[in-house]
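Engineer: Sequence:
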Amino acid sequence: MNYLAHSFLSFGQEQVLVGNFIGDFIKGKTLQDYPEGIQCGILLHREIDAFTDSHPLVRGGQSYLKPTFGRYSTVITDIYFDYFLAKNWDLYSEQSLEDFIQQTYRSIQKYRDILPERFLRMFGYMKEQNWLLHYREKEGIQRSLTGLSKRTRFESKMELAHLALSEFEAEFELIFFAFFRELSSFAQVKLQKIQASYGPY
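Under full-length UniProt numbering, the letters of the sequence shown match residues 1 to 201, in that order.
Please note that a few of the clues may not be correct.
Claimed, not checked - Using 27 Å as the maximum straight-line C-alpha spacing, the simulated BS3-like pairs for lysine-lysine come out as follows:
id, residue 1, residue 2
1, 87, 127
2, 150, 66
3, 27, 190
4, 193, 29
5, 138, 27
6, 193, 66
7, 27, 87
8, 138, 29
9, 150, 138
10, 87, 138
11, 87, 190
12, 127, 157
13, 87, 66
14, 110, 27
15, 138, 127
16, 127, 150
17, 190, 110
18, 193, 27
19, 27, 150
As the list claims (entries may be wrong) - Restraint-style ranges between C-beta atoms, simulated for each label pair:
id, residue 1, residue 2, range
20, 185, 103, 21 to 29 Å
21, 33, 67, 41 to 49 Å
22, 35, 103, 32 to 40 Å
23, 192, 92, 14 to 22 Å
No lab work stands behind these hints, which were simulated from the structure alone. None of these values were measured; they are calculated from a predicted model. No residue lacks a Cβ here, since even glycine has one placed at the ideal position from N, Cα and C.
From just these sequences and the hints, can you work out the full model?
Structural biologist: Below, the structure is given as structure tokens:
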């Protein structure tokens with residue numbers, strides 16, 4: 001899943017949100033450098049990604065993409081899912097998308113002194129250009145995918161992936177609704193188990 005979904009699947013817990021948001025930037029022993037709440041969020045991020053990558057519904061969606069995009073299909077579906085979450089936000093939250101996003105940015109900003117420099121460079125652009133809000137528009141998805149395509153080691157063709165979203169939007173939206181229901185339940189239970197293993201913090 002991508003940044004908006006990881007934020008939403010932190011269930012209103014600030015330190016969990018921060019860890020869930022930065023999860024891709026934390027490797028190995030550096031986990032121990034963070035407060036326990038953020039550690040829980042990092043571990044939840046990894047569980048969400050593993051569940052997503054192995055899920056048959058997600059793999060079914062990727063089958064539409066693999067002939068053109070190959071290994072990059074997993075990245076593309078993650079971004080598609082943020083598009084569908086943003087597009088259908090009112091089905092999942094009573095808080096407006098705009099307010100949720102600004103709250104997310106403020107939460108991350110509070111912990112900037114302990115966050116990885118590599119993440120902070122990316123986060124500066126994200127906040128300035130409000131990537132999370134623009135995920136609800138195909139133009140925003142196109143910009144995000146084009147930016148990613150410029151940073152890949154191999155030819156990815158991700159700058160064209162917005163066309164596949166338009167072509168298969170109905171199919172991907174059905175996949176998203178079914179999958180996200182399962183993912184939300186999984187993430188909630190998994191977070192409870194992770195936090196129980198830490199005890200009170």
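Engineer: Has the given pair, residue 193 with residue 66, been kept, meaning a C-alpha gap of at most 27 Å?
Structural biologist: 35 Å, violated
Engineer: Can you tell me whether the CB distance of residue 33 to residue 67 sits inside 41 to 49 Å?
Structural biologist: 42 Å, holds
Engineer: For the pair we were handed, residue 87 and residue 127, check the Cα-Cα distance against 27 Å.
Structural biologist: The given pair, whose Cα atoms are some 19 Å apart, holds under the 27 Å limit.
Engineer: Checking one constraint from the list: CA of residue 190 to CA of residue 110, max 27 Å. Satisfied?
Structural biologist: Distance of about 26 Å is within 27 Å: holds.
Engineer: Next pair to validate is residue 27 with residue 190; report whether the Cα-Cα distance is within 27 Å.
Structural biologist: Holds. Residue 27 to residue 190 sits at ~20 Å (cutoff 27 Å).
Engineer: Are residue 35 and residue 103 spaced within 32 to 40 Å by their CB atoms?
Structural biologist: 19 Å, violated
Engineer: Please work out if residue 127 and residue 157 have their alpha carbons no farther apart than 27 Å.
Structural biologist: Since the Cα atoms of residue 127 and residue 157 sit roughly 26 Å apart, the hinted pair holds (cutoff 27 Å).
Engineer: Between residue 87 and residue 190, does the CA-CA distance stay at or below 27 Å?
Structural biologist: 26 Å, holds
Engineer: That 21 to 29 Å hint for residue 185 and residue 103 (C-beta), does it hold up?
Structural biologist: Taking Cβ atoms as reference, residue 185 and residue 103 lie about 24 Å apart, which means the hint holds.
Engineer: Is the Cα-Cα distance between residue 110 and residue 27 27 Å or less?
Structural biologist: Distance ~22 Å between residue 110 and residue 27 Cα, so the pair holds.
Engineer: Has the given pair, residue 193 with residue 29, been kept, meaning a C-alpha gap of at most 27 Å?
Structural biologist: 21 Å, holds
Engineer: Please work out if residue 193 and residue 27 have their alpha carbons no farther apart than 27 Å.
Structural biologist: With a Cα-Cα distance of about 21 Å, the restraint between residue 193 and residue 27 holds, given a limit of 27 Å.
Checked against the numbered hints listed earlier, the structure breaks hints 5, 6, 7, 8, 22; every other hint is satisfied.
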